[in-house]
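*Asks:* Chains as they are written, first to last, in full-length UniProt numbering: chain C, 1 to 483; chain V, 1 to 483; chain G, 1 to 483; chain F, 1 to 483.
Each hint should be verified, as a subset may be incorrect.
[Claimed, not checked] Below, in silico cross-link-like pairs of lysine-lysine (DSS-like), each with a Cα-Cα straight-line distance of 30 Å or less:
(1) 355/F to 438/C
(2) 438/F to 355/C
(3) 438/V to 354/G
(4) 438/V to 438/G
(5) 354/F to 438/C
(6) 438/G to 355/V
(7) 354/V to 355/G
In case anyone wonders, no lab produced these hints; they're calculated from the structure.
There are 4 protein chains.
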Amino acid sequence: MLTTNPFDDDKLREECGIFGVSGATGAAALTALGLHALQHRGQEAAGITSFDGTLFHTHRAMGHVAGNFDRDDVIRGLPGEVACGHVRYSTTGETALRNVQPLYADLSTGGFAVAHNGNISNAMKLRRELVRRGSIFQSTSDTETIIHLVATSNYRTLLDRFIDALKQVEGAYSLIVMTPEGMIACRDPLGIRPLVMGRLDGAVIFASETVALDVCGATFERAVEPGELVIVQGTEIRSIHPFQAVSPRPCIFEWVYFSRPDSIAGDQSVYSVRKEIGAQLAIEAPVDADLVIPVPDSGVPAAIGYAQQSGIPFELGIIRSHYVGRTFIQPGDKVRHLGVKLKHNANRALIQGKKVVLIDDSIVRGTTSLKIVQMMREAGAAEVHMRIASPPTRHSCFYGVDTPERAKLLAAKLDLGGMTDFIHADSLSFVSIEGLYKALNAARDGKPSYCDACFTGDYPTTLTDHDETATVDQFAMLAERVA
Amino acid sequence: MLTTNPFDDDKLREECGIFGVSGATGAAALTALGLHALQHRGQEAAGITSFDGTLFHTHRAMGHVAGNFDRDDVIRGLPGEVACGHVRYSTTGETALRNVQPLYADLSTGGFAVAHNGNISNAMKLRRELVRRGSIFQSTSDTETIIHLVATSNYRTLLDRFIDALKQVEGAYSLIVMTPEGMIACRDPLGIRPLVMGRLDGAVIFASETVALDVCGATFERAVEPGELVIVQGTEIRSIHPFQAVSPRPCIFEWVYFSRPDSIAGDQSVYSVRKEIGAQLAIEAPVDADLVIPVPDSGVPAAIGYAQQSGIPFELGIIRSHYVGRTFIQPGDKVRHLGVKLKHNANRALIQGKKVVLIDDSIVRGTTSLKIVQMMREAGAAEVHMRIASPPTRHSCFYGVDTPERAKLLAAKLDLGGMTDFIHADSLSFVSIEGLYKALNAARDGKPSYCDACFTGDYPTTLTDHDETATVDQFAMLAERVA
Amino acid sequence: MLTTNPFDDDKLREECGIFGVSGATGAAALTALGLHALQHRGQEAAGITSFDGTLFHTHRAMGHVAGNFDRDDVIRGLPGEVACGHVRYSTTGETALRNVQPLYADLSTGGFAVAHNGNISNAMKLRRELVRRGSIFQSTSDTETIIHLVATSNYRTLLDRFIDALKQVEGAYSLIVMTPEGMIACRDPLGIRPLVMGRLDGAVIFASETVALDVCGATFERAVEPGELVIVQGTEIRSIHPFQAVSPRPCIFEWVYFSRPDSIAGDQSVYSVRKEIGAQLAIEAPVDADLVIPVPDSGVPAAIGYAQQSGIPFELGIIRSHYVGRTFIQPGDKVRHLGVKLKHNANRALIQGKKVVLIDDSIVRGTTSLKIVQMMREAGAAEVHMRIASPPTRHSCFYGVDTPERAKLLAAKLDLGGMTDFIHADSLSFVSIEGLYKALNAARDGKPSYCDACFTGDYPTTLTDHDETATVDQFAMLAERVA
Amino acid sequence: MLTTNPFDDDKLREECGIFGVSGATGAAALTALGLHALQHRGQEAAGITSFDGTLFHTHRAMGHVAGNFDRDDVIRGLPGEVACGHVRYSTTGETALRNVQPLYADLSTGGFAVAHNGNISNAMKLRRELVRRGSIFQSTSDTETIIHLVATSNYRTLLDRFIDALKQVEGAYSLIVMTPEGMIACRDPLGIRPLVMGRLDGAVIFASETVALDVCGATFERAVEPGELVIVQGTEIRSIHPFQAVSPRPCIFEWVYFSRPDSIAGDQSVYSVRKEIGAQLAIEAPVDADLVIPVPDSGVPAAIGYAQQSGIPFELGIIRSHYVGRTFIQPGDKVRHLGVKLKHNANRALIQGKKVVLIDDSIVRGTTSLKIVQMMREAGAAEVHMRIASPPTRHSCFYGVDTPERAKLLAAKLDLGGMTDFIHADSLSFVSIEGLYKALNAARDGKPSYCDACFTGDYPTTLTDHDETATVDQFAMLAERVA
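Next comes chain C alone, as it looks inside the complex (with noise of 0.2 Å):
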């Protein structure tokens, strides 16, 4: 398995982010480069699929960008100077092959390529549908029910019929679409998952995050707006806005935690944003302290604006092993135990005897804070704060975020004093909603700018799906089982 360590597993996980060029030569090897930037929003797999004129070439594979991706085989194996690529962090048991996007039809307006950010929450209602008129799903995954729908589509042209498909769907969707005739970038009308549009030479690029364009020398242009279609024709770029306008609500995560903190995002500074957070929470919930110490690495730009608002000195208090790519599990539960201290160490020698405030990111299960507060106490912490800069996490997400059923979501089962116990912390403090809001020189009002449903439940569309059962396991029964 991929995964990180027991720190890394108490989060909510983005679940994709996508990549697309168009009008450069070696396309999909800046893919390759753009995804290998994208790598935190997805790490299950990979796709890239690039256009030469004539053919479409896919390669796909389970794992890292890096390892898969790097390899001259494959970067010769996809010719062209179209390309575009997705990472994948899927929520479901269903890992195999035929769920990694960029997913590919052949329609009878020719190839159609897609990858997609987000989640479509009407997508099991449609797929039920469209089976029963004859369509033939190859996954499990929402953004195939896209697919069918234009292909069956009674329109003419490919945007036409794209177009009516996205009328169909409703939820959260960034996507990148390649074609015979060119690439398609959208944002769905509440621009819940981030795009952003960049520059490189005569290039045209689209990314998730900013950062993607930084590592690929590209410029900046500006996000893709919410509810725009970006279509890109050889040089011809044209910009159509097909849905009814509606106020936007991105989702707020993508500052807390999702976004890297050298990505810019709605015009803001990541890492600016994040320690302006840091600095709110030192005003909302100060301490009497001797160090400042972030959980690695989320927490960093967090506590570096507690620490220079607060005046008391940030520290590296816990240090991360760069050895830990998945779990390092050992036979024998006494051993198994030890292995927490493989990801993460105390630095015993600064923290003995000291009074330490811990800053985190966010707090889902609590298993994680509840391992790092004990791991200080061993230490010899004299006393440990516990300071999240976000609001407690209450709601599920289904637009695209990995989050754990509500069921077990800490701040959804207990109150301060109940998650302050249940972590052993001396103290327990969350920034407040208004905080979050005020970092990002906002304020919550009745028409709220951000998506932030995780942490008030306040979800901008109807959850057709999700008014039946959970989603995922509907998709799962569907298909066969591939050993």
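Dock chains V, G and F against chain C, hints included.
*Replies:* Same frame as chain C, but now just chains V, G and F:
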């Protein structure tokens, strides 16, 4: 590459073997055994699908049955009392896993798995119409056409839909289908490709050859009839004949080369037929010689027949190594040339100074015959006479057999004298078409009882796709290239 | 595991084949070809060492020659005009790469590589003395003893040291040695294991069997004589006989089973000898039967001889699959049992109602004979008579052949009647020791010209280690276990 | 290749880490944990040897501890309550498994396994003498010299033989030895390489660094003293000092870079020493700047020290990807160049228009510093000042550290001005050798308390082999090349 050796490369190749079992504990393990016995019918890939009463389970793999389907974890992943499987040799460049059968689809009537031996000769035309109506193909296999015809049929029950689909296809097909309701085995109206039925305790078994029944300890019951559908639902077995009756035309090459000598085909022992062809050959083309030498291993039964008829001793003049599972290619032309002897070596002490009759089953390109005559001469043979236990192969097969394009068939290019010169033999003779029918206790009249198109050009069906251009390339152009 | 099948498992197994070439461009590629032709002498592992005039290069691998030594990168990594190689079957549990030959050492006289066929029967005693004096062994191979004797010899030149070492060892050895000065090939004074010499243009070749010369296109010159050292230095070839002359005792089992039928051993065609043994068997043990059936493939030449002598037709009553490269083990006892038929299947249509004579080369444990008689009966044979083309195998071999412990040899436990009952045959006969010698144009008198200890218990050397306990285990206990 | 990235490539590399445990259930599993914590000391290969009271068991593997020693089957193959292990980075081309430690030999006194951190600087001379006397080496490792000296020693007991051997070697060695009698841990008289001792319940543990004790839950007891042998036999622990006492000279680079920051070395917290070096650097080389930016990750502690001393804010100006386990090389020069940003990316929004101080631990070739200064300028930095937390590295190490040849060390070629120009920085400063000793609470006088030869050229031992030519190549020439 899993081809075998220079000699074997110059054969026609059966493209598939199929096997199905209903009502046996460990159905997948039995299927693995059966497919192993059918391995000679397709060595490129194999697959098994099982049904456990609720779910379908599939494992597909490139390569042989042994090494893939003798692993505990694989067989444990294929639970249930119903299973079918497929071994495949493919003529196209498209050797991707997605073409490995059984193919599977989730239809509105439930899961549908199919294993196919044969070739649909109007598959491309049907595919174009289906795509136009919104069907999305996931493979480049002609077999998938049948599934989409079932999915989009206007009939209600699965059986009616299936018959509706079969009535639209032309060509050769022996099929084993699995649905939640049961198993269906059928042969096309001409019965071009074989399919037999057996019993093992309470279970029903279908297989391309009786040898697969032997290996399972099952008893041979009867052949599935041309145009017959055998439907197994639990312990109930029904037979229907939905097609208009026509005279059967089973492929005669099954007795010449494809089937194993220990199989019974059309109520005749394949071994005995081959010996009888050898005897006919001795009568039609006698020669004054010291030794009868089979080209191993397929020439052995005919050589025994020739020796017994002629009274010339049967001897092993060519020794075959058991350790060439794949081509053994060495760098350097000199050494590469020597590699020919790795698989077969002349029994020099035996041959020195002798007049030898070589017996082989067929000549395709003639390259093998050339090498083997040369090997006999280098070993000191005084005379080398070649006798072939089939008529000259002059036409391509479009019914599921891998034939080189016509221009490469030696007998399509040269007359008997030219062929004799080409292979440098002292003499060369083929059994006559009449002699071949005689060995099968039949006579070739105006209404022949076998498909012998590869010898005669007398194709028993229309060849829709092939009126246009070669099927293979059209299919290969359709889908994305999967690297 | 790379064993083959239930039938083959019940054979004595030659433990090694060796090959060397001096003075040929692409020496390693030639060696790979030669080893491939000797693969039947050892299927567990293979190795090649080359010398490029300055450095020695070695590649060792578990498994067959094909798949390991037909790779361009491997052969390119073995440059030079001198090379030797080894194929190995091991009797010990120690199948680690460190035991795969050629073995190599940096001596004070320079590099020293050795490939060995045979077994040193005082290796353990010598090893103990060497370790006592400070030698460190890197393998559990008896062959390494020779290297340490050379390294610690008080003589000055490599040749004197090598002869000094050989004079201390007892048992069976055919050796090919490479040093910076040249190649040395030698056989022990009794010539127990074979070694032949050939020429290819200007190059000299040594090999266990002539078939390896055939495959390379080389001409067979002569056998290396018992007790002879052939020394090749550039184009100069010298021969010395440093040992006291004794009567040779080559292993008679080479003609019975080990050598390939297309080899010439001791100036006799192995194929012809085997046919002659079959003829002797027909004279000594005639039977009234309808068919002579060989147990494939090793029984075929003797069966042809038996058929020609007796006039009973030779027929293929057992069909062997070409697709069982390894054991095919299925979960579940019922299905496992069926697996026996995967490799061999009765030609039922032929056998039904017939009286058959089965011809096999030898009986070791008897388990195979039991199964094959049963297979004939299940196929409907009226009578089953077993004829064996060697005398009863009653004693273990300590000269480089894998024999089961004596207690497992059927002929060491039971008399002829008991054996006949055990295998459930209607009759059973072995060729007599006199008949075997007669087939070789010899007679067994007080001073036999072959080692036939496995039949007679007449061992031609002392068995130092084996006076104590089994060698194998002592060696296995010595070194670290390498997981 | 398992190197990491352009930045890490420009570091000195510790060649080994060692770990041993005596008296613990699951000793091999504990050793795997300990080696994992020492992975930064050697990433090329790893090995563990266990002793179960009768037999020694070893597993060696190329690559990391995780992925090789977290497999159940591997750990189950290493039974016993005593075990030792080794992680290795090698400077030679000879990366074959035979050089992976622990090395093992069967001596007349029984099994002998050894794990070595350091380098024997007269190994080649000793090896020549040993080969002359008949010893056969199986590796090209200097460590094997020690084993042959033990094997051929004239003393009787293993302990006397071992001390006899050590008295003949010169250079650096921390050793863990396993024999059937027990475990011996020792350091060379100068204590150049580290070795500490800890306790876990009744068990004794030895390790290169205290962090390996932390990971096992063991308590740190003390360092093994320079020139000390600690002998563990069951529950008895003895200490002897067989060498003439000299002033210790532990390697100062352990505090600069090699050891993990959470280790305690020489009674000092490595993290605190690094912060103090940073503070010294701020005092010695102040700069008027807006941000202090660490080169991740090794520059972080010194950067925190610099920031706290100078009052300039500490900020993450370079973001490191967690997903570059190996070099990611793309075809095409243009894209390859971009690959530099895969591992590290400038936090552009933070840096734009700012004056930055970069803190790194050392400069070796200078190639990394050049790239990182350029990255800062491309991100818009107004000024880039480089501060290095060690003196200029001007000399090679011969004590077990991988140093480039002197001609490639930037500080051996250029003065400070030249170096500043080379890396295109606005200014460049190194901490002084005095400042470095001060951070360690010491002073460098005529009798320095650390080995600082890489900075000063003051080597504490004679360099026998290195008076001749480079050791590495001589060793590499000795043995066969294993392809």
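*Asks:* Could you run down the list of hints and mark each one as holding or not?
*Replies:* Comparing the hints with the structure gives:
1. 355/F to 438/C: holds (28 Å)
2. 438/F to 355/C: holds (28 Å)
3. 438/V to 354/G: holds (25 Å)
4. 438/V to 438/G: At roughly 46 Å apart (the allowed maximum being 30 Å), residue 438/G and residue 438/V break the hint.
5. 354/F to 438/C: Since the Cα atoms of residue 354/F and residue 438/C sit roughly 25 Å apart, the hinted pair holds (cutoff 30 Å).
6. 438/G to 355/V: holds (28 Å)
7. 354/V to 355/G: Given pair residue 354/V, residue 355/G is violated - Cα atoms ~34 Å apart, limit 30 Å.
Of the hints listed earlier, those the structure fails to meet are numbers 4, 7, in rising order.
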